[in-house]
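Participant: Here is how the chains run, residue by residue.
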Amino acid sequence: MATLLLEDGTILKGKNFGAEGTKIGEIVFNTSMNGYQETVSDPSYANQIITMTYPEIGNYGLNEEDFESKKPECLGFVVKNYCKNESHYQSTKKLGEYFKENGVIAIEGIDTRTLTRKIRDMGTMKCLITSENLKEHELSENFAKIAMYKFNPDVVKTVTAKENYKYNNEGEINIALLDYGCKSGIMKNLAIRGCNVSVFKADTKAEEILNGGFDCVFLSNGPGDPSDCHDEIETIKNLIGKISIFAICLGYQLLGIVLGAKTYKLKYGHRGGNHPVINLETNKIIITSQNHGYAIDEKTLTGLMSATYKNLNDGTLEGFKSERLKIYAVQFHPEAAAGPTDASIIFDEWVEIMKKEKANAKN
Amino acid sequence: MPKIKNIKKVLVIGSGPIVIGQAAEFDYAGVQACLALKEEGIEVVLINSNPATIMTDTHIADRVYIEPLNAETIERIIEKERPHGIIVTLGGQTALNLGVELDKKGVFEKYNVKVLGTNIESIKKGEDRQLFKDLMQEINEPIPESMTASSLEEAQIFADKIGFPIIIRPAFTLGGTGGGIATNQQEYEEIVAMGLSQSTANQVLVEKSIAGYKEIEYEVIRDANDTVITVCNMENIDPIGIHTGDSFVVAPSQTLTNNEVQMLRTSAIKIVRALGIEGGCNVQMALDTKSKQYYIIEVNPRVSRSSALASKATGYPIAKIATKIAIGYNLHEIKNAVTGKTVAAFEPSLDYVVVKIPKWPFDKFATGDRMLGTKMKATGEVMALGRTFENSFKKAITSLEDKHTGLLHYKFEEYDDETLIQECSIQDDRRMFRVAEALKRGVDVNKLHEITKIDVWFISKIKDIVDLSTSLEKEELTEELYKKAKEFGFLDSEILSATGLKQEDLDKFNYECSFKTVDTCAGEFEAATPYFYSTYGEKCEIEEIKKDNKKENIVVLGSGPIRIGQGIEFDYCSVHCAWAIKDMGLESVMINSNPETLSTDFNIATRLYFEPMNIENVMNVIKKENPKGVMVQFGGQTAINLAPKLEEHGVKILGTSLQSINAVENRKEFEKLLSDLKIPQPKGRGVKSSKEALETTKELGYPVLVRPSYVIGGRGMQVVYNDDELLTYINEAFKFSDEHPVLIDQYLEGLECELDAISDGRDILIPAICEHIERAGVHSGDSMSIYPSRNISRKLQNDMVKYAKKIARAVKIQGLMNIQFIIKDEKVYVIEVNPRASRTVPIFSKVTGIPMVKIATEIALGKSLRSCGYGVGLYPATKLVCVKMPIFSFQKLNRIDPALAPEMKSTGEVLGIDYSYKNALLKAFIMGGYKFGGHKQRALISLNDHYKEPALKIAKKAFALGYFFMATWGTHKFLEKNGVPSKMIEKFMIDKLQKRMKNGRLSFVLNTPTTGKDSQKSGFQIRTIAEMYSIPCFTSIDTANAFLKAVKTYDKGAKLNCDVVSNYRKKKFLGIF
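The listed protein sequences correspond, in order, to chains A and B. Note that our numbering numbers the first sequence so that position 327 is 749, with each residue one more than the last. Note that our numbering numbers the second sequence so that position 593 is 573, with each residue one more than the last.
One chain only, chain B, in its complex shape:
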């Protein structure tokens, strides 16, 4: 009865590359959706440009298109596949916007495609500011008063009516520049004037400021039968004024009375009904702290980051249920998978507290603007569940995986008490830590509330935690105190450092960690959800669940919060590992702390533990599970870093052993290994002091590459050209790694290549060798790369394979391995070996069809490579050609230099696939958001001396393609001398340039940076402004060269293919390989 008739094939639109504000949560939602559709026997067609996702695996969707996410391509797919329905509400804002665009173009009508779930009209009502405002007025729901003003006089009328504070937002500017909050007349006039001048439309939006109100969100689901439920509500610990994605969040709400909760719930339901949502919807609200006045801030008529969080917080699978609703089921017709008895038409009841904390990239971007506001800056988030707020909050802080754990590790010693209190008003990533430090120094809770507007309830709870840490420092550690500390979520390591005791002293208390189940119903019904969190002093529920269980289990370590350098690709690997373990008839046990990801869906592994990725928390799980061993090679550096400590505890590391890991990660051992194996490597050395560093560079000669050992994503890595730079960077590098030496290597400016391999320690299978477009010196995560490689001779490829095999055998790799090479002067140098899953595993798994993680898992569990059935050696390439392009989120982060460097900066990636290099390259640029066609404008060229000569060819090429140049003085002279005309521009003419960029009269910028991190440098300014106005800005001449090649391909009228990945792969390569 319920299923909509004649829907047998459905197109799902994904969300594209990971950028700040749109991350792994949509892979989680997408996979849930695809599986929910397949469960109903529906054929699923999927498009997503993001190759690192699990949703783009062929067993998730039936027909997987890794193609550009634009209306044109989707129309082609619709024409070809003729789906009966389309779902646009599961792929974030990207899919939603595409849905609206396709509808407007009449594509759905033309091909008779039904928009499933929430319809386009409803989406528009939720998304369009004016339509939404009208609707809210119609149904009497309050929104903050606002108006659009084109002059100071108009704006004044509003201010006279509303009073201060007022938020001013310039209309149609990118990156939120020029806005602000005015608290008085003078500020108002200044900000409005500035906003008007910044806006391309000479308009500002002025809005009543509700900063300081409580920020509350509701996750609502509605079906076609008009049943509406709220899955959960969430309260932002940070009041209105900070983007919810950048806020500390707790679920359920803690400081609202039942009356307030119901008032807002009723309002949220009314709105969702008025919008006509059929599926999931997020409603954000602001509540006054001194009255029942509330405002609706916004709605998201789709699944969102918040809905992923709500799903993990409650155990209620929002995306899955929304999908079932989209194909015609009603909530009361869908079984509650958790209890197996009740139905999906209910509201979860939590018997624990959930805390979410954002993970910001400022540890990597030290120069970045840490201020938080209306623009989201976090790359990821962590979540913790506990039976008390203190416990959840403390565990969430541990989950951040900062260098030190705890609330008080930033000492803020540089601040006297007065300054510290003042600084608590500053809304940045460290505010909560300043509040904690202020509490430690005895500042009054109410005073901190006045300054921060954070509710007294939260500050009091934080004070309880801080007070306990003081007790640990000052009092004798009694059993009672120890137990309380554990119940609060303190780690033994923290207690030891506070008390100066030894682990044996704590062990004698014999206070064991126990685990509770997340069951959506607070224990009211029997439920067999395999989803757990830790607690102390309470009955453990694991034993009863494992009671009749004789199967062996394997623990899989996840990769924690998404951060730059450790992204969704490791979730891909963890999930596939868990699946492979289950396929082998064993149980998989997942531990992870990231609520956005698929790995923390309780349906993935046999059992899920939502815990911090700290050794103590991981060991607590291991003690309960008593696993056969632990998989550390799939969870990125987070998991690898735990390996030594796990082994100390006597836990078996499956796959590549700790000894092998050390053999390649320890500089000295690695160097010796390569020289023993007679494999060429750049000369280098680990140093532990500046003096040693200077001695080393004297011997090696500049340029050299400096980096700390044991790092994530090349943090603190840099090419330096002289002693001054060396000393600056070496001091900085020591900040990140004081236990391990700093590495100094000869910098070889050659062709960088990498391979991923699977080995059982005897044989080796190499699915792919790829080459980078940018020459060595750019982090591999930030460089464009090509597969199959184009510029590596057969001989050199053979060398690489030979070296890989030698290394795999020598260190007895059992599983995945990634090797990076540089080719210079027809010689292959090995620069890095990663004895674990790499960033490229999802891509190579897809383009080759080799289930890399599955094979690696089987090997780690004892199978031989040969028995896995994919052969050995270098896997033959097919006619498929792909180009990976990194995607950056600079527009979200102010004051970050977009220049490519050895330090990774990208947040995501896209993959252009076709049958020829030139087509794949053009596709990659299209996927990356580059615009082609249209009138060619001037291009700005500014080169440092090092790159002038090599760039000449490129300039000539661009000129031939129809570009004209503006160039800075030195570059202008150089081009003139070489017969390329250009208009000279002074470096200080930034304003003029900015205007040009703002008006779209600049096609691209080619700027090779001069060294130094001085943000006042004009190059830095030009790059950041270009980024702000989305003007392509190339800082490597190789990227620019590739771009021009793509332009040429486009101009010649290239016919891009559009097909499922498996078809591209089918055509065998008939060439020389």
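Only chain A is shown next, with the shape it has when bound in the complex:
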């Protein structure tokens, strides 16, 4: 029996199918009905314990193609029913094996719907996940551990690239990508549209990028509270106005802060593949993949920024741009993975802009 303790005193027991050990993090839920492979390998889940609302997980195993990063950054994984007899021609590994290899604690047999509703009502919470069957007398000590736990404000630095590297070098556009925990889907999408991506560690200084002869900068997704990212914000400050910038998720939030807007924590975030957003300029709607716990408060947008997308479910801001500063940013994930690919048109649009600007710069 494995144990899950929530900040509010909830105790849940299930069966461990991952690594042995104990971890404390933030419990969040994801409503995607498939794509657990992409989800568990998404670095934005660093410091988090994910519960999947869809009850049957592990059905098609894991394959070599669909990872979003080299290793999982999430701490724990909670499901209703873990599938032991996975079936798919591409499958090379069981989900449970992957967790064991990578130190992720995983629990099955949990009433994940009730857990999800609790998170919805109470907000995301701190949570302890352990492969051990905690006894009655061990509980208070562990709840105390949860209460004392502080989230690592430097979480981005734990998931960024260890070294700078290049992804694709046969394209025509040269992009400097600041890696805050970048999903490989973003790089794939840029590469297939003819971009060379130079990936930089999160603490790279602005000059290094500005001196690199790049056409534009790309700010990636990543974990944590954007207001904790002081170094990253500093770098962006020094890039603005000097080079065009495109950003997704955390990158979008950081850009917002730099431009004077405020971010706030959503009660339980947006995590799933069914979020409708409306393009405020064209009135067109796309279904997007999302994974964020923080949002930019639309009311705090400054004169430099104009809203471009909004979430139809709760009306939160999903994108902004600043044509003057050549800044384009969205909160949701155009690279999908997991989730619908409707928003891949964002990459089409952005690469189109990059190409135009490059042509203008030449003239």
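One should not assume that every hint holds.
Unchecked claim - Here are the computed lysine-lysine pairs in the DSSO-like style, where the Cα-Cα straight-line distance is at most 27 Å: (1) B:250 / A:610; (2) A:515 / B:433; (3) A:610 / B:785; (4) A:572 / A:522; (5) B:321 / A:721; (6) A:548 / A:435; (7) B:272 / A:506; (8) A:515 / B:427; (9) B:519 / A:435; (10) B:315 / A:689; (11) A:437 / B:463; (12) A:435 / B:530; (13) A:516 / B:464; (14) A:732 / B:530; (15) B:1025 / B:963; (16) B:632 / B:785; (17) B:530 / B:608; (18) B:928 / B:898; (19) A:516 / B:433; (20) B:250 / A:706; (21) B:1025 / B:-12; (22) B:785 / A:732; (23) B:463 / A:435.
The hints are simulated quantities; they were obtained by calculation from the structure and are not laboratory data.
Fit chain B to the given chain A structure using the hints.
Facilitator: Frame of chain A, contents of chain B only:
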């Protein structure tokens, strides 16, 4: 802003009678549509020929036409009503085809009617094979390669290019005969040659076979703003090769990676955009199991059976949203009724697994061809929701309401292991059960996958269920094992029979069933959807929903999957009952397992529980709801059968009591009741052995009617004429009913009549008495019937009313009752009393205007009949005359004898309404698809000795109308002797006859069957071939007689009326009644 201007009146086309492949799902869709239109203040005009539907109620649409669904009639309605818009995408293929036809005729243009939603051009692109192929090529979406070949040489070119396997389909043959799959050259040549010879156009369609691919469906919605969403995807557990309507289906997909899901979703959206759909569309796809190769199989540019399933599976009301889109709303402008906060532009997220299983009619049609393929054979379906696949799958199996529950009840004892494995490759209705039995016997999962091509994931899950049943049999029942079994969906009754324990042993585990909500969003948003399914070991959500609720509630039992003998009419009754309960200020709680129906729309009852109609599942709901009582009289035999068990559990049965039900359903009690009341009845007896049977017939004399007691739709009922036949049938009947005796009755060949009545146990209201066209011996569901009756004297009517009142009082009926009579030699005999809603309730409610179910519900809840305001006694008829005609689905089912018999075979019905009998009769035949006018061809007559004499008059009549005859030897001689000319034809000249029928050179067949079920009999062959080529085939001389009357009416140039039902009803009858 959003609503299209100037659309104030809209015509909605329904889907017509229930046939296999087009059933209750279109009533559900139609009602949603009509209500969605009315919500916008739009006046709704509706046409449908199906009187059993809820959509044809006057409070669903404003102007209800129960008229023939043909272009001519619809044009008349358009001319009269002048609607501003028309919706053709909600009435199945029938409405879609009519839309295309009307458009082609220029009717919409002429009357300035706007086609709302998906336009005709888009519909054509989706429906026309060539246009669709062209479009797919244009947008680079793969479809299986195919070509039309007119010769073996042409076909060979294709085979050389594509390789085997190849599917061969003869062009323009009916019923899919002559096609097949070729896996090698020799088979290919044979099948192509056969196909070419069978096709009237000498053409075959050859297509790359993708059998074995995964079959995936997407339900897509698009609006005029070009927003496209997929409501859900569904994966067929049975791979490509079996019609999706005949496949086990799971939602969402289980074995696809995110990449595959998104690849197919993107493709489906691209197609829907390219087609220009504005509304709902279903896209069916095939996915290779070893690569990312996929093919588009087909699209349905309308709501469909799959969209009904998707709506129930997700809680997303596709038909309603499609209707709003049709009148100009965009998805982001429509509120999500479930959350009340979000909008309809989103994709539902499920936190449960949905399993759908088809319900096939082979339990009734034992001789039928059980093989499944490209032609759908299921009459209905069940759905179950659960938190795990095992749980949903197991519950869905329970929902089938087979004689035994569980996966392993067919023991297949006759098969050794080797044969069983072999037989797993056979695609029929019992394949999944053979797979389960093979797993039980230890056959390897991968081996079964190789044979069946069913994904290993599904087979492994089934193995988990099978293994658990083995554990139950072999291990001691620990708490842990018991809990696991309950979580897997095992019933206590199954656990008891596996373990040999007693119920008390299980009760001590105290493991309570709980319920979760279907909320479209996996718990992400607060939602108050009153839609639940059961689970074990998890928190129950009912208590919080009922927390502040002080209202009393009433449970309404639905009727489960649609099957022959228990159709949409009981859904009509259940829905009206739920509404009536709500009207009385109480809460209604619906339990049902059928995803096609309106009763399982969560907006109908106060709360909906999607559960199997098994006593344990029903009791689980009752324990949570603690209702004032349960309504069992509206859910057909399914609900009635639960009554005794409910009472054992101390549940109050509302309305007619269990004791009363038994008084009329128990043979002995019923017999005694009638004789005590001095009501004549055919002599008869219940027997429990062949010996007793023979003794009984010696006393009664032949012919006799044999049937099992407590049955649905007269299953296993037959008229027998001698000892041999008696013994054959009696043995068969014992198969269906071993707990209850077999009934043997004197067979009275007279005029059959029936009445529906409502009683409070004191007074009785009889909305209608109707008479059957066919003489007694044909199941009432299969006979044509006339209201008001024409051939029953005042005196005999009074007798019927008197008898009905006596019975109602004696057994204290509280609600609905149906009585069937036979009149022979000016004497009324009671042959059957049904203490519940009958098949005719929707019809009589509509033609009389009496809300029968509402009144019955009020009585069951304590009101007196007199206070309901519709009076007592026989309700006066008006000038409205109607003729009900049964509709059969034989073309879908091979090897079924179309001959009318005491066993019910029809799947649906139409109702011809007019001011005169002859007009109503002609209309009924037109609605039934019979063609009138044109050149009169020969008619084939072949009569058994019993009917030669009575048929002579009919033959003479037909001759006078211009028909010439072909007759088999005996009939020919008989006709010759009586001065009616005919051309003799040998019975064995089947081929010649077939050719004649194929070329349309035969007007009709009149063939009274000789007894026996030998399918080799030439009569059987003639009947089935006639059915295949849609040649009218009459097996009762009474139907033939009625047909000739209709022909005569037509030939005389009858002026059929076309009006709303309420107008027909308005004109009071000024005659003698």
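Participant: Run the structure past the numbered hints and jot down the numbers of the failing ones, going up.
Facilitator: 3, 12, 14, 21, 22
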